[in-house]
Each structure stands twice: as structure tokens, then as C-alpha cells.
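*Asks:* Residue strings, one per chain:
2 protein chains.
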Amino acid sequence: MRTTSELRLDADSLKSFVEAVFVHSGAPPDEARIVSDHLVTANLMGYDSHGIIRVCQYLEDVRKGIIVPGAAMRIDSETDNSAILDCGWNFGQVGAMRAVQCAIAKAQSHHMATVVTKRCNHLGRLGTFTQAVAEKGFIAIAACNSPPGDGRFVLPWGGRDGRLSTNPMSFAIPSDDGNPILSDFSTSQVPEGKIRLYKNQKKKLPVGWIVDADGNPSTNPQDFYGPPRGAILPFGGDLGHRGYALSLLVEILAGVLAGVGSTKQQPGNGLCLIVLDISAFLSHREFNVLIGELRRYIKSSPPAPNHREVLLPGEPDFRLMAERSAHGIPVDHQTWEQICDSARSVGLDATEVSKMSQLS
Amino acid sequence: MRTTSELRLDADSLKSFVEAVFVHSGAPPDEARIVSDHLVTANLMGYDSHGIIRVCQYLEDVRKGIIVPGAAMRIDSETDNSAILDCGWNFGQVGAMRAVQCAIAKAQSHHMATVVTKRCNHLGRLGTFTQAVAEKGFIAIAACNSPPGDGRFVLPWGGRDGRLSTNPMSFAIPSDDGNPILSDFSTSQVPEGKIRLYKNQKKKLPVGWIVDADGNPSTNPQDFYGPPRGAILPFGGDLGHRGYALSLLVEILAGVLAGVGSTKQQPGNGLCLIVLDISAFLSHREFNVLIGELRRYIKSSPPAPNHREVLLPGEPDFRLMAERSAHGIPVDHQTWEQICDSARSVGLDATEVSKMSQLS
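Sequences listed follow chains A and B, in order.
Counting in numbering that gives the first Met the number 0, the first sequence runs from 0 upward without gaps.
Counting in numbering that gives the first Met the number 0, the second sequence runs from 0 upward without gaps.
Next comes chain A alone, as it looks inside the complex:
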């Protein structure tokens, strides 16, 4: 008897279920587990747009041959502290986690490393990968671009036509407090999904998010989707030249360095991951003392009006993860039905699906 508009699903059960779905789609179990962990953790941390809602898309991509489960990955070229990793169109998460391992191994032996990917599918929540690096005690900075195949709907500063993607950046810093300081944000004013949300809710957009096809500011979500298609402004509002600059930096690090042209039609993402070994500069003990001092100093600011406390980047996400780990992940019925349909389509035992559905 469901009376609420959403289910609450147990994270561990959900992980097993999603893993089984990808195994049935042809992925080796260890790779299916990487993708499943990634998606469910995104939900746990509140990134629902990058969570299990992607299962259907990925299965569709497998069917179309865009994602090649089990595909071999190889280092295209490398030095002691750099590499171009060819992900062979495996799941983007599998490729990016290989990049993480590669960069950590190089930074362990050579103090710092930069790894870029090519032929990498949609890699999901970028913060997953910087977080994984920080959890090993290293500093990580990541940039992620999208080739034009996924749409270039972010304006260059002063321009009228989209030339960039939402090009997110992320960094993670180990903290004395357990969870890393973790930031993950698009260099566009908003991600596209947020505009879709306003459109579905028939709400006006805040000023400064989009322009219409003529380049004029608009608060009507339909002016973005068109036709004719509008565009999203770069991050920074009136000062969006900074968001534009960061977006270009992402494009160059994650695209150009991997040898991928900015106008080449292909799916997926490019990733650039820079890893720094803290112990090249100071001991982990000293670092922890200074990070602790900074953390306490920042958090000692009294809260602004309408705020309860000052949080560090990532802190809201880790709090939500604790809450959702304890009380389940909210999933709306429509999304869940779509996932169940997808699961059946790869021949997953219907009893299993039904059992999963009962967890709410």
C-alpha cells in the first residue's frame, strides 16, 4: 500500500540490484559493481540526476554499441607522471576509475600525476573520482568536458551561440575530519537538468540563467529548449567571463590534451585528473594540523541571516549520505518503473525486481 509519491530504497540492496542489471547486460561483475556503486552513491549524496535514473540510458547505450561492457582499456602514451588512457568505450565510470588508479600509482612513485582519458563514455558524478583520490590521501583536481555530440549549449562570454558544455570541475582535499573537502560544480550558470525541472514545474527561471535564441535574457525555460534553441550563460552572472574562462580551461585540459578536437562528434566525456602527493611538500601530520586549523577557522564564522552554520564544501553531501544510508534513497515511482522495465529487458529475474520494489 503506497500512499506517498516516492519509494525509499535501501542503498545496499539497490547496489546489488543495479549490479545484477549491468551483469545481465553483459558487464563483468567487477565493472558492473563500479557502475552500480557510482550511481547509488550519487543518489546517496543527493546527485539524483546522476544516480540510478541513468540505468535506462546506459542499457540503451549498451544496446546501441555506444557502451561496450568489458571493453579492454589501454594506456595510449605515458611518462612517469602522465598518461593518456584509452577507455575503449567501456562504461565511463569504469574508465574514470582506471584513470584514478593510474594517477594514484604514478603520484605515489613520482609525487604528482596528470591522467587524461579518451574514448570514455558518460562518467557520471565527477566528484566520485576526486573523492576516491582524496580518500587515498592525495589532493585531486579534475576537469570534465563533453564533445559536441551531447550539445554545446553554454555561451562563450559575449557570444550568442552555444560553444561549450556545462564542463564541470571538481577537487577533493583530504581532511583531518574524515571526509574530504569535496567540491563538484558545473562552470555553466546551471546544469541543463535544473532548467528542465523549472520547465516541468511551470516556474519562471531566475534572471541570468539563460538567453533566448537571439541572445536576449529570458526567464522562460521554453526559450532554452526552443525551437529555436537558446543557451545557458557561463557561471558568474554579470561576471560570467570568469565562468567562461574556467569552462575553456576544462575544455583544453579534458579535451585538447587528450588529442580530441573540440568539434569532433562523439559521445561521452573527457576527463583530466591532476593528483598531488601532499608528502612532497609536508608530512601528513603537519598537513592535518593545518587543515584542521583552517576548517575550524572557516566554520567559526557566525552564520549569515537565513543560514544555520558555515559548512565546508562536501559537508552537505556527506550529511545527506548518512541520512539516506540510514533511511533509504527516495525514488519516484515513474523512475523506478522505468528501471524495472530496463531490468526485465536484460532478462533479470522478475522475482528479484519485485523483491527490490518491496523495500519501500
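Treat the hints with caution; some may be incorrect.
As the list makes no split between identical chains, a pair holds if one copy fits it or if it spans any two.
SDA-like, lysine to any residue: derived pairs with alpha carbons at most 20 Å apart [said to hold, decoys possible]:
1. Lys135 with Gln221
2. Lys63 with Gly260
3. Lys63 with His121
4. Lys298 with Gly346
5. Lys263 with Glu285
6. Lys298 with Gly150
7. Lys298 with Trp335
8. Lys14 with Ser344
9. Lys63 with His306
10. Lys193 with Arg343
11. Lys201 with Cys55
It is worth saying that the hints were derived from the structure and are not from the lab.
No experiment lies behind these values; they were computed from the predicted model shown.
Got chain A sorted already, so can you dock chain B onto it with the hints?
*Replies:* Leaving out everything else, chain B in the frame of chain A:
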């Protein structure tokens, strides 16, 4: 006969003059030239707040013993691709240029490098150093923090009291077009100097730049200066959590990694410079082809309403440099008189000063 409100000074003459001022203050000629080049080039590129207006401040710092002309610099600790450079409280520009040389040398032999500074004075326009790296064919990313001595007047997101400085970032990318793609921006919504300008002009600030001492939004510049003192918001307007995150990243890279605590009272700046060797990834020829493609693609966007064309980061600065190189650097009379007074105070021949003044 001066009828205009400003002088126009020839850049090369100005460089020689400012160099002579610093030599008279006790700096070795090669170090005086670094500082002079830096300041005049900042004026050429339009960063007047970081140009020759700083001469008086630096001479005052020399008198107070804050800046130690000719001070020895040394590597505190290093690996093949990292270093902590102790700048010995020499001019900040001299220290930062040494960091540039050190990072380039390491990246040349080991593909990438990260150099951080300590005991570094005010280093001026951050873009100077990333630009110098890019002009040698490498990619540079830089972060610059300020210890609390210079004021912590930027809010952490959700806070009421300043905990961060304007913490600028810069990057520079070699371009097929001659000048690098060059970006240099504070991670606060505005630099402090811009608020001072509005105050002097008795103008209201745009919404979203500052809050008063109670943390409430204000458009009155006086609410920032107080007393009681207000604060500047982090970059990003309503979405300032991203500017806050970037500011923290700067603080950690440029302060913590050098072993400098975030609450330690001291003057100057901390610098973190990350340098990547492009040829670790692809040939310079391939890189240039792809950068050219990206450059043309970006610039092919028709201009937005009220814009004439799409420019790359740094393009406006290089254009202004060409204009000011040809037609002189505008300097207001008050600033120029202050500089002449400073020059006389270090015993610079008054004829020289007067000759310089006639260039307008």
C-alpha cells in the same frame, strides 16, 4: 601645459625610471628590473591597481624591512617535480619569477611540476607568472592567497564574518595565435579596489557584491569599510558556494601546502604554481592545430546583444597592451606626484624625475 586630467607616459621610459627607483632603494639591478617590468606591464594590460601605483607601497615596505631587496632565496625542500621556495622576503615579484623558473626547469625534465612559495611579499598581478610559463610553451595554473595580515574580508558561503582573502586564480595556455589564452581573476565577487572606486565616486554598488556587518546585503560601499566592517561575497552571486569552494582550494594550495597556517599573521602572498608539459601528451604541432580549431570555433559565435565580438580570455588585455605601448600609459597626476615624491625619497636625481614627467 597640462589640460587633461592625466598624463600619458611612455612604457619603456617608465620601466627605466621605475627600475632606477628600485635600484636606489637598494635592489640589485636585475631584481629591480623584474619588479619594474612587472608593474609597468600591469599598467600596459590595464591592471592599473597592480601597476606603478604600487611603487610607493613597495618603497615603504623596504623602509619598514618588510621587503628585503637582494635577499637570498632558497629551496626549502624539493623532489624531481615539486619544491617549496623560500623567497626570503625579497620583492614578491622576484620570488614568484624564481618560482616560475624553478617550475619550468622541473617540468622540462619531468613533464610536470608544482612549486609553492613561502616568505613571499606582495607579488602583484598573478597573470604575469602564468603568462611567463605559457610563453615558454607550458600550461600553467596558479593560485595566490594572502595571510590574514592583509585582511580576511571575503565571506565563507553561509557565513557572516570574513574568513578568506580575494584569493585569485590564474591560468595560461599557449596558443597558436601568439599570445596565450590568459585568465586571472579573484575568487571573491569583486576585488576590494573596485569597492573603493565606487565609494570615491559616491556610487551605489551592484546588488550581490557586499554585506554589512550584520551579514545583510548592501549596496552602500561604506557598509563594507565601516566601522563596523562588512564583507565581500564569494564569486558567483546566488551560487557563491562555487566561488567559496575555489577560494578554499586557493587557500590550501597556496598556503597549507607551503606549511603556512591560515591564521598566521604575516604580510605578502602565497603562490602555488602548477606547470604541465604539453609534449607529455601530444606534440606541440598537434596541440596548436587543436587550440586553433577551438579558438576559431569559440570566436565564430555571433556576438550577444551589446557585444561586438567574442574574445578569448586575455585578448582584451593584449589589445590594450598594444594600444598603450603605442600611445602611452595613462597616469593620473596625483599618483604620478606620489611616485615622484617616493623617487626623491630614495635620492633619485630630480632632473631624471622631471624629465620623465615631461613625457606626457
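*Asks:* With 20 Å as the alpha-carbon cut-off, assign the pair Lys298 and Gly150 to within, between, both or neither.
*Replies:* Answer is between; shortest inter-copy Cα gap is 17 Å, intra-copy 39 Å.
*Asks:* Checking Lys298 and Gly346: alpha-carbon separation at most 20 Å within a copy, between copies, both or neither?
*Replies:* neither (51 Å within a copy, 49 Å between copies)
*Asks:* Cα distance capped at 20 Å. Does Lys63 pair with His121 within a copy, between copies, both, or neither?
*Replies:* within (14 Å within a copy, 57 Å between copies)
*Asks:* When no copy is specified for Lys63 and His306, does a C-alpha distance of 20 Å or less occur within a copy, between copies, both, or neither?
*Replies:* Neither way: Lys63 and His306 sit 47 Å apart in one copy and 43 Å across, limit 20 Å.
*Asks:* Could you figure out if Lys263 and Glu285 sit no more than 20 Å apart (CA to CA) within one copy, between two copies, both or neither?
*Replies:* Classified as between: cross-chain Cα gap 15 Å, same-chain 46 Å, threshold 20 Å.
*Asks:* If the cut is 20 Å between Cα atoms, do Lys201 and Cys55 qualify within a copy, between copies, both or neither?
*Replies:* Cα proximity of Lys201 and Cys55: none, with 26 Å in one copy and 58 Å across.
*Asks:* For Lys193 vs Arg343, is the C-alpha pair at or below 20 Å within one copy, between two copies, both, or neither?
*Replies:* For Lys193 and Arg343, the Cα distance exceeds 20 Å both inside one copy (30 Å) and across copies (61 Å).
*Asks:* Have a look at Lys135 and Gln221 and pick one of within, between, both or neither, based on CA distance no larger than 20 Å.
*Replies:* neither (44 Å within a copy, 47 Å between copies)
*Asks:* Please sort Lys298 with Trp335 into within, between, both or neither, judging by C-alpha distance up to 20 Å.
*Replies:* neither (39 Å within a copy, 44 Å between copies)
*Asks:* Regarding Lys14 and Ser344, is the shortest C-alpha distance of 20 Å or less found within a copy, between copies, in both, or in neither?
*Replies:* So Lys14 and Ser344 pass the 20 Å test inside one copy only (18 Å; across, 73 Å).
*Asks:* At most 20 Å between alpha carbons: which applies to Lys63 and Gly260, within, between, both or neither?
*Replies:* Close neither inside one copy (24 Å) nor across copies (54 Å); limit 20 Å.
Against the hints set out earlier in the document, violations occur for numbers 1, 2, 4, 7, 9, 10 and 11.
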